[in-house]
Amino acid sequence: MTTDSDEISGFSMFFKKAIDIKLRELYYCISNLIQLGEFMSDYIVRTKSLTKTYGRRNVVDHINMHVKRGEIYGFIGRNGAGKTTTLKMIANLVSPTSGEMELFGSTDLKQARKKIGVLIENPGLYPAMNAYDNIKMKCLMLGIENSDKKIKELLELVGLQNAANKKAKNFSLGMKQRLGVAMTLVNDPELILLDEPINGLDPQGIVELRDLFLKLQQRGITIIVSSHILEELSKIANRFGVIASGKLIREVTTEELHTLSHTAIVIEVDKEVEAKKVLMDFGIEDFRQDKQTFFVFDKDANPGKINTALVQAGIEVSSIRTQDEDIETMFINMMGGANYV
Amino acid sequence: MFKMIKMDLYRLFRQKSFYFVGLAIAFFAAMAVFSLSMALEYGVYDGLTESNITIEKMFQLTRSDSSFAMIMAIGAIIFTNVDFSSGYIKNIASNVTNKTIIPMSKFIVNVFASFIYIVWMFVVLAVGSLIMFNGISFGNVGNIVIEMLLYLYFVMNFIALVIGLCMLLRSSAGSITILVCIVLFSGLVYAAINYVVSIDLTPYSTIANISSFALDAKELPTMMLSALVGIVGYNVVGAIAMQKKDI
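If you read the protein sequences in the order shown, they are chains G and A. For the first sequence, numbering that gives the first Met the number 0 assigns the number 0 to the initial residue and increments by one for each residue that follows. For the second sequence, numbering that gives the first Met the number 0 assigns the number 0 to the initial residue and increments by one for each residue that follows.
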């Protein structure tokens, strides 16, 4: 038999449990929100459907870009793919036609852009002024007091300490690029945009610049580097954004790259038109053609059966082998095929 | 804006074109003294002789030649367009909160440079006149100062025009070509309009105002007002062009 006190005790236990459950739910909810906030603020650049149209052509076509804080983001694409225009939109040198952008987790782009350093296309330097004066001008524009010390540090960082009084027009291309990088660091940026920084450099210059980027990353600076030189970018970038014809095809980390790279069956034939028909009749959809060579990526494809089908169709198979897809081939596939230059 | 002006001033005094323009002005001013002395000798100017000419009058006659304003404007074009031709504009435009301060700063610095050039022109004229004409007097110093300031005011209008051109075209060659055409042919255009529709537009003309203003002219208020409209209007055009055009 239950008494009143037993009932009260039962109710209070039930009440306590209910509150406990609600509090726990509230805790998880808040915790998830905090994690979401951290996730969001981890992105130093986020774009949503960012578009730039010239005439009737979308030079940059609804790209959704995500660059995490502290990483080196490799922005890869062919010449004319839209890399420079995208970087220019982030740097406020070009106005987007449509779309949204967040920098440092904020839509207040005017303030956010004060934390960006920019080296787009060729380094912007006054040719008749020396290295010291070129940096000094930017210090004056940014209101940096006692800039002599800063200029000296920057020139040392980029290895131009002995060229401070040399006019920019007398610099080699590599020296100009390095001075350009020094200019991007004047305002102690948290994000640097570098557009094709290694173009035209000799191997020594490339190595020096690559080491500099890694050094900057160690300082906590996020770097977006655009290039069409895949080999160099793959040595430093943590993440890649592949752009083709204005569209961001894919964003992929270095780790994901390796899991995505395919093993291909490489077949060389004499009659490519007939061979293509045979492959399609065989049910193979995932393949790429480069003149008389076919790269079959279907995981279930059987080289022996493909060879038999081709031979039975009267096609001479001069070579058939399996090949692991290298990073370059993978990017070429992503960017649209073998006519990449 | 103040920081931008500091940067532009720093560059102004380190740019060769600033000193080349100064040399050109000195050369033309010296030539003006020489040609004026020849003109006075042959009685070209009614009532004016070598004995009654003053430096004040020398300045009035010299500044009425629009060549000086054109030289200053060319200097302004070279100064402004270096930012675009060198690509340095990318370093500037990416870090400013408002791109319209860029042409404003160029305007202010070029007006300052024009002030220096006008003073320099006067100095060369005065020294040349003192050498050429023994015992020449300065004339009314107060009028000289007012004339120089008025001249600067009308030159400001001209500078605003060329800065606006530079922001639109972003090309030294294009801007200088249009500038030369304006200086050479605007008088003809106004004369043609006047001939056809009997409307005299010269009080509103940027170029005509520089060369033909006089302290006692009854059109002076109209000229000053039109110059003010020009200063504001051309700067607005330049600011909009800087804001809207991609870099």
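In case anyone wonders, no lab produced these hints; they're calculated from the structure. Do not rely on the hints blindly, as some may be mistaken.
[What the hints assert, rightly or not] In the BS3-like style, the derived pairs of lysine-lysine whose C-alpha atoms are separated by at most 27 Å in a straight line are:
#1 A:Lys244 - G:Lys166
#2 A:Lys56 - G:Lys175
#3 G:Lys175 - A:Lys98
#4 G:Lys114 - A:Lys15
#5 A:Lys243 - G:Lys113
#6 A:Lys244 - G:Lys47
#7 G:Lys109 - A:Lys98
#8 A:Lys5 - G:Lys151
#9 A:Lys217 - G:Lys175
#10 G:Lys165 - A:Lys15
#11 A:Lys5 - G:Lys109
#12 G:Lys276 - G:Lys290
#13 G:Lys113 - A:Lys2
#14 G:Lys246 - A:Lys5
#15 G:Lys113 - A:Lys5
#16 A:Lys243 - G:Lys149
#17 A:Lys244 - G:Lys113
#18 G:Lys246 - G:Lys175
#19 G:Lys151 - A:Lys2
#20 G:Lys214 - A:Lys5
#21 A:Lys2 - G:Lys246
#22 G:Lys114 - A:Lys217
#23 G:Lys114 - A:Lys2
#24 A:Lys243 - G:Lys47
#25 G:Lys114 - A:Lys5
#26 G:Lys165 - A:Lys2
#27 A:Lys2 - G:Lys148
#28 A:Lys244 - G:Lys148
#29 G:Lys149 - A:Lys5
#30 A:Lys15 - G:Lys151
Tested hints:
1. A:Lys244 - G:Lys166: 30 Å, violated
2. A:Lys56 - G:Lys175: Outside the cut-off at roughly 52 Å; violated.
3. G:Lys175 - A:Lys98: 26 Å, holds
4. G:Lys114 - A:Lys15: Not OK: lysine 114 of chain G and lysine 15 of chain A at ~33 Å, beyond 27 Å, violated.
5. A:Lys243 - G:Lys113: 20 Å, holds
6. A:Lys244 - G:Lys47: 23 Å, holds
7. G:Lys109 - A:Lys98: With Cα atoms ~11 Å apart, lysine 109 of chain G and lysine 98 of chain A stay inside 27 Å; holds.
8. A:Lys5 - G:Lys151: 21 Å, holds
9. A:Lys217 - G:Lys175: Violated, because 58 Å separates the two Cα atoms, which is more than 27 Å.
10. G:Lys165 - A:Lys15: With Cα atoms ~16 Å apart, lysine 165 of chain G and lysine 15 of chain A stay inside 27 Å; holds.
11. A:Lys5 - G:Lys109: 21 Å, holds
12. G:Lys276 - G:Lys290: 14 Å, holds
13. G:Lys113 - A:Lys2: Given that 27 Å is the threshold and the Cα spacing comes to 14 Å, the pair holds.
14. G:Lys246 - A:Lys5: With a Cα-Cα distance of about 42 Å, the restraint between lysine 246 of chain G and lysine 5 of chain A is violated, given a limit of 27 Å.
15. G:Lys113 - A:Lys5: Distance of about 19 Å is within 27 Å: holds.
16. A:Lys243 - G:Lys149: The given pair, whose Cα atoms are some 34 Å apart, is violated under the 27 Å limit.
17. A:Lys244 - G:Lys113: 21 Å, holds
18. G:Lys246 - G:Lys175: 31 Å, violated
19. G:Lys151 - A:Lys2: Holds - the C-alpha atoms of lysine 2 of chain A and lysine 151 of chain G are around 21 Å apart, at most 27 Å.
20. G:Lys214 - A:Lys5: With a Cα-Cα distance of about 33 Å, the restraint between lysine 214 of chain G and lysine 5 of chain A is violated, given a limit of 27 Å.
21. A:Lys2 - G:Lys246: Judged against 27 Å, a Cα distance of about 39 Å means the pair is violated.
22. G:Lys114 - A:Lys217: 55 Å, violated
23. G:Lys114 - A:Lys2: OK: lysine 114 of chain G and lysine 2 of chain A at ~17 Å, within 27 Å.
24. A:Lys243 - G:Lys47: 22 Å, holds
25. G:Lys114 - A:Lys5: 21 Å, holds
26. G:Lys165 - A:Lys2: 25 Å, holds
27. A:Lys2 - G:Lys148: 19 Å, holds
28. A:Lys244 - G:Lys148: 36 Å, violated
29. G:Lys149 - A:Lys5: 18 Å, holds
30. A:Lys15 - G:Lys151: 25 Å, holds
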